[in-house]
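Taken in order, these protein sequences are the chains called U and B. So for the first sequence, the working numbering puts the first residue at 1; every next one is plus one. So for the second sequence, the working numbering puts the first residue at 536; every next one is plus one.
No wet-lab data here; the hints were simulated from the structure.
Cut-off 20 angstroms, straight-line C-alpha distance, at most; resulting in silico cross-link-like pairs (EDC-like, lysine to aspartate or glutamate): (1) K620/B with D416/U; (2) K452/U with E203/U; (3) K620/B with E79/U; (4) K452/U with D173/U; (5) K516/U with D258/U; (6) K516/U with E203/U.
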Amino acid sequence: MITFDHVSVTYPGASAAVLTDVDLTITAGELCLVVGSTGSGKSTFLKCINGLVPHFTGGTLSGRVVVDGRDTREHRPRELADIVGYVGQNPLSGFVSDTVEDELAYGMESLGVDSSTMRRRVEETLDLLGLADVRSRPLLTLSAGQQQRVAIGSVLTMHPSALVLDEPTSALDPPAAEEVLAALTRLVHDLGLTVVIAEHRLERVVQYADRIVHVPGAGAPLVIGDPHTVMATSPVAPPVVRLARSVGWSPLPLSVRDARSAATSLRERLRDHAPSPGPVEQLGELVASAHRLVVSYDGVIALAGVDVDIRRGEVVAVMGRNGAGKSTLLNTMAGLQAPDAGMLDVGGVAPARLAAPDVVRRVALVPQNPSDLLWRESVNAECIDADADAGVARGMTRAVLTELAPHIDDDTHPRDLSEGQRLALALAVLLVRRPPLLLLDEPTRGLDYAAKERLATIVQRLAADGHAVVFATHDVELVAEVATRVLVLAEGEVVSDGPTATVVTASPAFAPQVAKILAPQPWLTVGQVERALAG
Amino acid sequence: MSAQIHAHRRLDIVRLHGRSAFALVVVTLVGVAAFTWPFFAGTAATAESSGLPHSTDAPWLFVALLPLLLGVLFAEIADGSLDAKGIAMLGVLAACGAALRPIGGGATGFTGVFFLMIPAGRVLGRGFGFVLGALTLFASALLTAGVGPWLPFQMVAAGWVGFGAGCLPPARGRREVALLAVYAAFSGLAYGLVMNLWFWPFAHDYPHAISYLPGASLGTNLVHWLHHDVVTSLGFDLPRAFGNFVFVLVAGRPVLAALRRAARRAAFEQPVVFTPRQVSA
Numbered sequence: 001m002i003t004f005d006h007v008s009v010t011y012p013g014a015s016a017a018v019l020t021d022v023d024l025t026i027t028a029g030e031l032c033l034v035v036g037s038t039g040s041g042k043s044t045f046l047k048c049i050n051g052l053v054p055h056f057t058g059g060t061l062s063g064r065v066v067v068d069g070r071d072t073r074e075h076r077p078r079e080l081a082d083i084v085g086y087v088g089q090n091p092l093s094g095f096v097s098d099t100v101e102d103e104l105a106y107g108m109e110s111l112g113v114d115s116s117t118m119r120r121r122v123e124e125t126l127d128l129l130g131l132a133d134v135r136s137r138p139l140l141t142l143s144a145g146q147q148q149r150v151a152i153g154s155v156l157t158m159h160p161s162a163l164v165l166d167e168p169t170s171a172l173d174p175p176a177a178e179e180v181l182a183a184l185t186r187l188v189h190d191l192g193l194t195v196v197i198a199e200h201r202l203e204r205v206v207q208y209a210d211r212i213v214h215v216p217g218a219g220a221p222l223v224i225g226d227p228h229t230v231m232a233t234s235p236v237a238p239p240v241v242r243l244a245r246s247v248g249w250s251p252l253p254l255s256v257r258d259a260r261s262a263a264t265s266l267r268e269r270l271r272d273h274a275p276s277p278g279p280v281e282q283l284g285e286l287v288a289s290a291h292r293l294v295v296s297y298d299g300v301i302a303l304a305g306v307d308v309d310i311r312r313g314e315v316v317a318v319m320g321r322n323g324a325g326k327s328t329l330l331n332t333m334a335g336l337q338a339p340d341a342g343m344l345d346v347g348g349v350a351p352a353r354l355a356a357p358d359v360v361r362r363v364a365l366v367p368q369n370p371s372d373l374l375w376r377e378s379v380n381a382e383c384i385d386a387d388a389d390a391g392v393a394r395g396m397t398r399a400v401l402t403e404l405a406p407h408i409d410d411d412t413h414p415r416d417l418s419e420g421q422r423l424a425l426a427l428a429v430l431l432v433r434r435p436p437l438l439l440l441d442e443p444t445r446g447l448d449y450a451a452k453e454r455l456a457t458i459v460q461r462l463a464a465d466g467h468a469v470v471f472a473t474h475d476v477e478l479v480a481e482v483a484t485r486v487l488v489l490a491e492g493e494v495v496s497d498g499p500t501a502t503v504v505t506a507s508p509a510f511a512p513q514v515a516k517i518l519a520p521q522p523w524l525t526v527g528q529v530e531r532a533l534a535g
Numbered sequence: 536m537s538a539q540i541h542a543h544r545r546l547d548i549v550r551l552h553g554r555s556a557f558a559l560v561v562v563t564l565v566g567v568a569a570f571t572w573p574f575f576a577g578t579a580a581t582a583e584s585s586g587l588p589h590s591t592d593a594p595w596l597f598v599a600l601l602p603l604l605l606g607v608l609f610a611e612i613a614d615g616s617l618d619a620k621g622i623a624m625l626g627v628l629a630a631c632g633a634a635l636r637p638i639g640g641g642a643t644g645f646t647g648v649f650f651l652m653i654p655a656g657r658v659l660g661r662g663f664g665f666v667l668g669a670l671t672l673f674a675s676a677l678l679t680a681g682v683g684p685w686l687p688f689q690m691v692a693a694g695w696v697g698f699g700a701g702c703l704p705p706a707r708g709r710r711e712v713a714l715l716a717v718y719a720a721f722s723g724l725a726y727g728l729v730m731n732l733w734f735w736p737f738a739h740d741y742p743h744a745i746s747y748l749p750g751a752s753l754g755t756n757l758v759h760w761l762h763h764d765v766v767t768s769l770g771f772d773l774p775r776a777f778g779n780f781v782f783v784l785v786a787g788r789p790v791l792a793a794l795r796r797a798a799r800r801a802a803f804e805q806p807v808v809f810t811p812r813q814v815s816a
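Only chain B is shown next, with the shape it has when bound in the complex (with noise of 0.2 angstroms):
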C-alpha cells in the first residue's frame, strides 16, 4: 500500500473542533486558574482581613471541578472524534504508560511515565496526546500510585505534557528524536514545578522564604516559589527531566517507528467513500 505516502504525514487522530475544542480549553483555563491561584489570590486584601466566606476552602473547589471537567471532555471526545481503532490505542497506550510508572521508583523522582505519551503524542496528534497523558496519570494512580486530591491536577498536568509534544515542529530522522529528548526533558522539570503548586499554598510548617503568603505580591510569592522549588522538589525534578531525556533518546527511535507503523495499519484517517455502482464497460 502507500505506506510512504502516509508515514510523513501527520496524524491527529483525536481532532478538536466545536464542543471537545471547547471542552478542552475550559478544562486548560480551569486548569491553569486551579494551579496559578495562589499567586493571584487575595492580593488586594490579606487573608486575616478579607473575613470572606470560604477563603481557604474555595482552593478545594478545583479539585473537585476538575475531574468534572475531565469527564465532560472524555464524553465529547468520545461522542464522535474516536472510532474502535483510536479507543483501542488509547487504551494499550495508557495501560504501557501506566505500567511504566514505577519503573525508577518514587524515591529518585526518575519515572517512565511519560516516556510513551511524548513519543504518542507526536505521531498520533496533540489531541490524543492530551487524553493519553491524562489517562495514563488516571491509570497508573488506580494500578500503584494511589488516588488523592492531586490526580486532578496530575491528570491535567500529564495531559499538557502530551498535548505539548503533539505540537512541536516538524523534525525527522535524529533531529526529531533529539528535539523530543530536550522536550521531555524540559516537560519532565515543568511538570514538577508546575504540580508543586497544587499543595505550596497549604504547606505551613515551611520556614518564611519558601512559604506561600497570602496577600504578598505575585512577585514575592513567584520568588518564594521558585525557592521552594529548589529547596524541595529539584532534587526530583532534575533526576525526573534526566530520566526523560535519557529514555526518549535510547528508546526514542524504535518507538516512533513502531507507533507509526501501527498506525499506518490501523489506517488512521483514511477516508471511507462510497460511490454508486460503476457501470462497467
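Same shape as in the complex, but just chain U (with noise of 0.2 angstroms):
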C-alpha cells in the first residue's frame, strides 16, 4: 500500500538529512503508529507519504515513495488527494466551509464525484463518525472532538486507501480525544482503512497499532516492528510500559488489563511496602482563600458557592469534565471574572477589584493557549519586554526561560516555538515577577512525554520554593506526578477535595494506569513503585 523505498529527505539550507534511508512497506488495513519526541522528524514522514515532501515543503527525496502504485515524484500531491487522506493538528486550519455536510462534501466536489454518490457518501460517514446529529449545524459551533471528527470524515468521503493523521488529538482534551481515537480503531477494524497515525498519547492507541514506527530524531535511523518490540526500547512509552519495562515483565504488556494479570506477583511483593509520601510539603501562608463563590455568565450559573483555601507551597489539580467551572475558578482568582456572590481573597485582597499591574504582582494566570499573552515578533523581544513590565534587570527573564526550556533561539517567532517550549516562554514571562500563585490552565495540551516530564519537575520546583500553583488538568497521569491536592469539580460545586492519593484512587474515571493495575493498593507512578522496591 505505502512503500518507502531507501527514502532520505533534506530541507533546503539545513546541514543535515531529517529521515536518512527509510526502508519501510506499509500493508493495506495496517494501523501503522508513528512515535517520537516533537520536532524528531514525525510530520516529515507523514507528509511523504501524499507528496507535501517535498513538493511542498521544498528539499531533496532521494530514493522513492510509493502510494498506491503512485510514485511521489511524478505525482503532486493533488493528484494523490483521491488516495491518501491527509488531517493535521487544528481542524479549524483546514476547514474550507462552514456547516458539517457542506464540509464532507467539499472534496468530492473537487475529485468531480457525481451528486448521487456524494449524497450516498455523505450519510455514510455522518453515521459512521457518529456527527448525524449535527449534521446540519456551523463548524465553529461544535466541540472539538466533533470539529476533528468532521476534518477525519471530510477526507474519508473521498474514499482514499489510506489515512494519515498527524497528531490528531495533540489539541483536544481527553475526552475529546478520546472520541476521535475511538473513531480512527473503529475505521481500521471495521472498513480495513489503512492508518498511519502520528500521536503522542500512547496510552490511548499502542495496544490498537499493529506497527510501531520511532522516529529518534537527529536523522537516526527509524525503529520499525511490532509494537512489543519497539515499546520495550522505546524512549518514550506509557506508564503501563515504562511499569513493566523497570519490573521486568515479559512479554511486554501494553495495555492496563494485560498488566493487571501479569501484576499479580508484583502485588505481592509490594503488600508490605507503602508509597513513600514524597516531599515533606512544607505548607506556608495562604495565598488565595474563597468562601462560597459564585460566578455566572449570562444568568449561567458557572461556579454555585466553592470554598478552597490554597497555601504556599501547595500544588493543587483542578479537575471534571469540560464546563464544569475549572477555567472559571481560574479566571476569578486572576481577577479576569467578578464573583457574583461569596468572598474571594488573594493576597489579601480581591482580585477583581485590582488593576491590572497589581493583580499581576500577586497572581499569574497562563491561558490554554498560551500564546495569547505572546505578541512580540521574537523570543528576545518578549524577553526584553517582561523584563521591563516586571522592573527587574534587563536578561532576567531569559535567565528564567533557558532554565524551563533550554536550546530556545532568541530570534523565534513565538508563534513557531513547539508548543511546550511556547508554554515555557509564556511561563518565564510570568514567573519573573515571582508571584506567590500560579495558575495553569490545562497546561499538557500538545505537550509530549518529555515536555510533560519536565512540566512536572517544573512545577515542583516552584512548588519547594514556595509558590502555590493551581492547575485545571485532564491528565491523570500528571496529576499523580505533581499535585498534592487534587479539587474535582461538578456543575460549579466541588465534590471532592483532599490529597492526590485519596481522591485519585476512589474513582476509575481519575486514576492513573499505575493505579489500576495495582489496585486496590495506593500506588500512582511508576517513580514510586521502583523507589520502593529499591529499598
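Two chains, two separate frames, one set of hints: put the complex together.
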C-alpha cells in the first residue's frame, strides 16, 4: 500500500538530513503508529506519504515513496488527494466551508464525484463517525472532538485508501481525544482502512497498533517493529510500559488489562510497602481563599458556592469534565471574572477590584493557549519586554526561560516554537515577577512525554520555592506525578477535595494507569513503585 | 531551518517569463494607451473636422479590452507561475486589502486599500504585486466600491502600484520602511492623477481652462489636465498620499515582518529535488 524505498529527506539550507534511508512497507489495513518527540521528523515522515514533502516544503528526497502504485516523484499532492487523506493537528485550520455537510462534500466536489454518490457517501460518513445529530450545524459551534471527527470525515468521503493523521488529538482535551481515537480504531477494524497516525497519547492507541515506527530524531535510523518489540526500548512510552520495563515483565503488556494479569506477583511483593510520601510538604501562609464563591455568565451559573483555601507550597489539581467550572475558577482567581457573590481573597485583596499591574504581582495565569500572552516578533523581544514590565534587570526573563527550556533561539518567532517551548516562554514571562500564586489552565495540551516531564519538574520546583500552583487538567498521569491535592468540580460545585492519593484512587475515571494496575493498593506512579522496590 | 538565509533574499513568487511576461507587457502598453490617448488623439485633426466614425466611442474600446487582457494575463500566470501556496497568499491578501478599502471613507480620499499591496509587492515580488493590486481593487469593487467602467482602469493602475513596490531598490530596517512610506505617498498621488484621465476627456461641464481640448497640442492638454487635477482631485489625492504614508510608516515594519515570516513558513521558491536512492554504506 505505502512503500518507502530507501528514502532520505533534507530540507533546503539544512546541513543534515531529517530522515535517513527509511525502508518500509505498510500493508493494506494496517494501523501504523508513529512515535517520537516533538521536532524529531514525525511530520516529515507523514508528509512524504501524500507528497507534501518535498513538493510543498521544498527539499531533496532521495529514494522513492510509492502509494497505491503512484510514485510521489511523478504525482504531486493534488494527484494523490483521492488515495491519501491527510488530517492535521488543528481541524479549524483545514476547514473550507461553514457547516458539517458542506465540509464533508467539499473534497468530493473538487474531485468531480457525481451528486448521487456524494449524497450517499455523506450519509455513510455521518453515521460512521457519529455526526448525524450535528449534520447541519455550523462547524464553529461544534466541540473540538466533533470538529476533528468532521475533519476526518471530510477526507473519508473521498474514499482514500490510506488515512494519514498528524497528532490528531494533540489540541484536544482527553474526552475529545478519546472520541476521535475510538472513531479511528473503528475505521481500521470495520473498513480495513490503512491508517498512519502520529500520536503522543500512547496510552490510548498503543494497544491497537499493528506496527510502531519510532522516529528518534536528528536523522538517526528509524526503529520499526511490532509494538511489543519497539516499546521494549522506546524512550517515549506510556506508564504501563514503563512499569512493565522496570519490573521486567515479558511479554511486554501494552494495556492495563494485560498488565493487571501480569501484576499478581508484583502486588504480592508490594504488599508490605507503602508509597513514599514524597517530599514532605511545607505548607506556608494562605495565598488565596474563596468562600461560597458564585460566578455566572449571562445568568448561567458557572461556580455555585465554591470553598477553597490555597497555601504556599501546595500543588492543586482542578479536575472535572468540560464546563464544570475549572477555567472559571482560575479566571476568577486571576481577577478576569468578577464574582457574583461570596468572598475571594488573593494575597489579602479581591483580585477583580485591582488594576492589572497589581493583580500580576500576586497571581499569574497561563491561559489554555499560551500564545495569548505572547505578541512580539521574537523570543528575545518578548523577554526584554517582560523584564521592563516587571521592573527587573535586563536578562532575567531570558535566564528563567533558559532554566525552563534550554536551547531556544533568541530570534525565533514565538508562534514558531513548539507547544512546550511556547508554554515555557509564557511561564518565564510570568514567573519573572515571582507571583506567589501561579495558575495553569490545561498546561499539558500538545506536550509530548519529555515536555510533560519537564513541566512536572518545573512545577515541583516552584512549589518547593514556596509558590502555590493551581492547575486545571484532564491529565490524570500529570496529576499523579505532581499534585499534592486534587479538587474535583462538577456543575460548579466541589465534589471532592483531598490529598491526591485519596481522591485519585477513589474513582476509576481519575485513576492513573499504575493505580489501575495495582489496585486496590494505593500506588500512583512508576517512580513510587521503583523507589519501594529499590528500598 | 535556514531562516537567516531566506530572510534576506528577495522573493519573486509570481515569476514572469515567456507568455506571462508578454501578457503583462501588453496589458501595460494597452493600459498606458487607455490612459493617455487624450493627449495624442486628434492632434492632426480637430474632432469636428475628422469625421471619422467612432471617434467618440472608440475610447470605450479600452473599457472592454482591458478586462479581457487582464483575464489573459491572469490565465497565463495561473498556468504555471503560481502554485497553491501563492494562490492562498494572493487570496488572503486581496481579501484583506478589500476589507481595508472602506477605512477612511470615500469623502476624504483616504483609504487603506493600497496599504497591503505595497509591502506585499516588496516582499513577494513585482509580479505578485501587480496581480495583488489588480485583484484587490477587483475584490473591493465587488464588496463595497461598485463595478463600473472605471474598474479596469483602477485594476491596471493599482497593479502598477504593486509592481512598482516590487521594483524598489534594496534597503533594510528603518530605511526600508521609510523608502516604502515615501513610495506609498508618491503612488497614492500618482494613482489619483492617472485615474483622472479615464473620465477627464468625457467631462463636458468644466470651465475651458481645465477641460480636455480634442485636437489641441500635447502641451496644452497636459497643462489643462494638471490644472484639472489641482482644482478637482488634489483634495482627495493628497489625503490619500498622506494616509498611505502614515499607514506604512506606522504599520510597515510589523506587516513586512509578518509577510516575511509567512513567506518563510510557506517555503516559497524552495527547490524540489528528487535523487535516486543513496547506496547506504
